[in-house]
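Protein chains in written order, with our numbering: chain C, 1 to 227; chain S, 228 to 454; chain P, 455 to 681; chain Z, 682 to 908.
Possibly wrong hints are sitting among the right ones.
Below, simulated BS3-like cross-link-like pairs (lysine-lysine); rule was C-alpha separation at most 25 Å, straight line [as the list claims (entries may be wrong)]: (1) Z:716 - C:35; (2) S:262 - P:490; (3) Z:716 - C:36; (4) S:263 - P:462; (5) C:35 - Z:717; (6) P:604 - P:462; (7) S:262 - P:462; (8) C:150 - Z:716; (9) Z:689 - P:462; (10) Z:717 - Z:831; (11) S:377 - S:262; (12) S:377 - S:263; (13) Z:717 - C:36; (14) C:36 - Z:831; (15) S:235 - P:490; (16) C:150 - C:35; (17) P:490 - S:377; (18) C:8 - S:263; (19) Z:831 - C:150; (20) P:462 - S:377; (21) Z:689 - Z:831; (22) S:377 - P:604; (23) C:35 - Z:689; (24) P:604 - P:490; (25) C:150 - C:36; (26) S:235 - P:489; (27) Z:717 - C:150; (28) P:489 - S:377.
Partial list, derived from the structure: chain C residues whose beta carbon lies under 8 Å from chain P [as the list claims (entries may be wrong)]: (29) 94; (30) 121; (31) 125; (32) 130; (33) 148; (34) 152.
One side of the interface only, derived from the structure: several residues of chain C facing chain S at Cβ under 10 Å [stated by the list, open to error]: (35) 27; (36) 74; (37) 210.
Don't read these hints as lab results, they were simulated from the structure. Glycine included, C-beta positions come from ideal geometry on N, C-alpha and C.
Protein chains: 4
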Amino acid sequence: MQTSDEVKNALNVLFRANSELYSERGFQRRIGYGKKPALINIDLANAWTRPGNAFTCDGMETIIPGVQALLTAFRARGLPVVYTTTAYNVTEGPNSDMGMWVHKIPVEVLQEGSDAVQIDSRIAPLPNEMVIVKKRASGFNGTFLNGYLKACGVDTIIVTGVTAAACVRHTIEDGIAEGFRPIAVRECIGDRIAGAVEWNLFDIDAKFGDVEPLENVLTYLRGNAIG
Amino acid sequence: MQTSDEVKNALNVLFRANSELYSERGFQRRIGYGKKPALINIDLANAWTRPGNAFTCDGMETIIPGVQALLTAFRARGLPVVYTTTAYNVTEGPNSDMGMWVHKIPVEVLQEGSDAVQIDSRIAPLPNEMVIVKKRASGFNGTFLNGYLKACGVDTIIVTGVTAAACVRHTIEDGIAEGFRPIAVRECIGDRIAGAVEWNLFDIDAKFGDVEPLENVLTYLRGNAIG
Amino acid sequence: MQTSDEVKNALNVLFRANSELYSERGFQRRIGYGKKPALINIDLANAWTRPGNAFTCDGMETIIPGVQALLTAFRARGLPVVYTTTAYNVTEGPNSDMGMWVHKIPVEVLQEGSDAVQIDSRIAPLPNEMVIVKKRASGFNGTFLNGYLKACGVDTIIVTGVTAAACVRHTIEDGIAEGFRPIAVRECIGDRIAGAVEWNLFDIDAKFGDVEPLENVLTYLRGNAIG
Amino acid sequence: MQTSDEVKNALNVLFRANSELYSERGFQRRIGYGKKPALINIDLANAWTRPGNAFTCDGMETIIPGVQALLTAFRARGLPVVYTTTAYNVTEGPNSDMGMWVHKIPVEVLQEGSDAVQIDSRIAPLPNEMVIVKKRASGFNGTFLNGYLKACGVDTIIVTGVTAAACVRHTIEDGIAEGFRPIAVRECIGDRIAGAVEWNLFDIDAKFGDVEPLENVLTYLRGNAIG
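Produce the complete structure using the sequences and hints provided.
Given below as structure tokens:
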């Protein structure tokens with residue numbers, strides 16, 4: 001259910017008025033790019049990128065090529081690449097690792113080891129890239145993501161993936177809290193309901209990270225700011 | 228900048244269509260109430276609840292009486308009450324505790340010890356209630372909130388305060404990730420920009436916690452489910 | 455380098471005197487067993503359990519049969535079983551996940567995917583048991599261990615493995631901090647230097663968890679306290 | 682109960698033999714000093730530094746002057762200084778913040794706001810220095826310590842205080858796990874039982890941080906490595 005132009009226009013009117021208030025109050029500052037970025041691809045696994053799953057999202061015709069371009073740029077510079085997926089080892093009975101989330105969304109379909117939770121083959125990870133299996137929305141919760149990024153001196157996280165309303169947003173919120181500069185790549189973030197990309201990127205840009213067009217990010221990755 | 232009826236109506240059309248998709252896919256489940264709730268009042272300190280600050284929010288004419296009713300109910304049952312505020316000890320120079328957030332929003336005005344960061348006197352904490360000073364959006368990040376709730380056997384967090392788009396939402400996202408049942412009290416959550424309460428409560432209700440009217444919460448607090 | 459009887463006796467003299475002081479001061483309390491235990495086997499992978507590795511530990515002739523008996527008891531009751539191992543995806547270059555620890559100990563030999571970091575086949579995990587790859591000493595740091603235990607309602611952690619001075623101790627310290635009752639199984643904890651098991655179990659028993667003989671733990675696992 | 686020379690000698694024999702094994706295996710590496718240190722004074726509050734409390738420790742005649750010298754050096758360079766204390770808001774009833782630790786040690790005597798938990802006046806904090814109230818052994822657990830250190834670019838933690846067997850050791854273990862270079866200042870770390878300082882500093886030096894004489898630390902603080 002992609003967002004119609006009518007909905008986009010209505011939201012944009014709202015965002016412009018809100019931006020005026022934010023601007024007067026000193027919000028919507030630019031956090032900018034740092035010296036060592038990592039690419040964080042959130043939940044671009046088959047359950048989200050391919051049709052027919054409860055988790056299927058829209059927009060892959062734009063997201064996948066965008067992520068391919070980012071992967072090329074990161075690999076050319078030898079910069080760290082991380083993928084997350086969401087998967088559970090025990091999806092029934094008293095010893096499940098699903099926790100409370102199954103009481104809100106259908107995580108019981110995300111069996112660890114299944115094809116559904118493998119990273120989409122069009123953007124397959126290389127052996128020295130990190131594939132982090134998470135259990136919660138944020139890529140940081142209960143994972144080594146923070147430790148890994150700190151261990152290799154990363155100061156900036158370039159974030160792509162799905163969904164804008166859950167895993168991407170929560171990862172970016174945690175990212176700035178943990179001391180990173182989050183950059184959300186506008187063309188590379190999706191969702192499955194109308195409006196969710198737009199309003200979540202608006203909130204993110206106001207308070208948690210810079211929403212940047214892909215072209216700006218690629219220019220940064222080719223430039224001298226890194227190193 | 229409270230949300231106009233026109234904006235509310237336009238968003239509601241969108242939310243209804245999105246709810247249909249969520250319903251087909253198995254999202255928007257009810258997490259429900261547990262056996263031991265805690266009240267978590269997010270950032271209801273003067274900088275947010277009183278006029279004239281960069282952080283001032285709308286809706287206090289509804290939020291404050293709602294929180295007063297909740298405080299009465301929690302105190303009558305001897306259940307845990309927690310307040311958060313956001314404040315910084317060092318707001319300039321190389322040893323600041325503000326971190327990256329100052330590069331997005333004006334946290335430099337939130338000096339620890341100042342009147343601005345004290346809890347609003349209309350809902351003042353009692354000595355045995357916890358006032359948690361946080362540095363980030365989420366009440367959980369870098370605080371003893373999780374440890375406290377676990378230490379006293381809490382399974383449900385009743386969440387009020389501001390803002391819907393930042394501290395309330397991030398706290399609820401972290402809350403379900405940490406294994407609590409989050410309940411967002413609809414009349415007791417505010418923001419400072421139009422639409423933010425509506426779309427953030429929509430996202431929360433779909434994926435992270437139940438958005439409930441104050442009256443339901445008060446009925447639960449008077450009932451036999453607790454104990 | 456197993457601890458000689460002479461060293462054990464000298465340490466025991468010291469422990470008796472120290473226990474007197476602790477007893478007067480109100481330390482060395484009993485934390486006791488709860489209602490839902492999980493078994494946590496720390497780093498019982500080949501690098502630690504088999505000869506010839508920098509990480510090789512002593513005492514496997516006692517530890518392995520003890521863990522086998524515990525596994526049988528846990529599996530008979532359908533209680534959660536967790537194994538940890540320590541392994542790294544990138545052990546050289548600027549994007550390593552080893553972090554600071556490589557500047558103290560030889561973690562560069564623990565390559566993810568290698569035979570050295572697989573759980574010892576004599577105590578092999580079943581498919582519904584959790585194998586957690588950690589990067590640091592504690593089983594809790596940067597992993598889903600806390601989330602998993604909370605998600606399945608565990609209140610007690612029965613801890614075995616190596617080493618007493620590092621991964622076992624740090625896991626137990628974090629375990630009580632996170633709200634669990636740690637039980638260290640005396641016969642199932644090892645190290646590679648003389649005295650380390652004795653000293654660290656003494657400190658643990660005084661402040662962080664109960665050190666219990668295997669037989670007591672097995673009796674608890676057969677009894678009615680669980681459920 | 683300070684450690685007698687006889688006990689020290691017996692332990693040193695053991696440590697020498699153990700160091701040989703560690704040396705062959707590649708442990709006991711030097712982590713070294715970084716470019717921006719913070720001073721972390723663990724639990725140097727009256728309950729630990731003055732006579733008559735269950736938590737009273739030995740060795741203050743050496744620890745206090747050592748910490749005074751460190752404070753002078755840190756303040757002269759404008760480097761961050763952090764103190765921790767351990768204190769509880771609710772020490773009885775069902776809503777206590779003491780958690781599981783009260784089932785091992787007498788934390789019920791550490792009432793928040795009492796004189797016992799104030800930092801010792803001989804080493805009083807300045808207004809721009811951080812006093813962190815913790816609830817657990819580690820200075821990192823449930824606190825903003827990690828966030829603060831990262832926010833101001835610290836890479837090295839100079840650790841003093843008590844006790845060697847609990848709060849100091851757990852803080853250092855967490856410190857290296859979080860990516861800092863821990864330096865334990867030998868003369869400035871104490872305990873209340875014989876042998877605990879010696880044994881725990883031996884384990885720390887082997888695996889978690891460098892144990893350094895005060896004079897070396899002061900030389901570093903005067904030098905050009907910082908900045």
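List of violated hint numbers, smallest to largest: 4, 6, 7, 15, 18, 20, 21, 23, 26, 30, 31, 36
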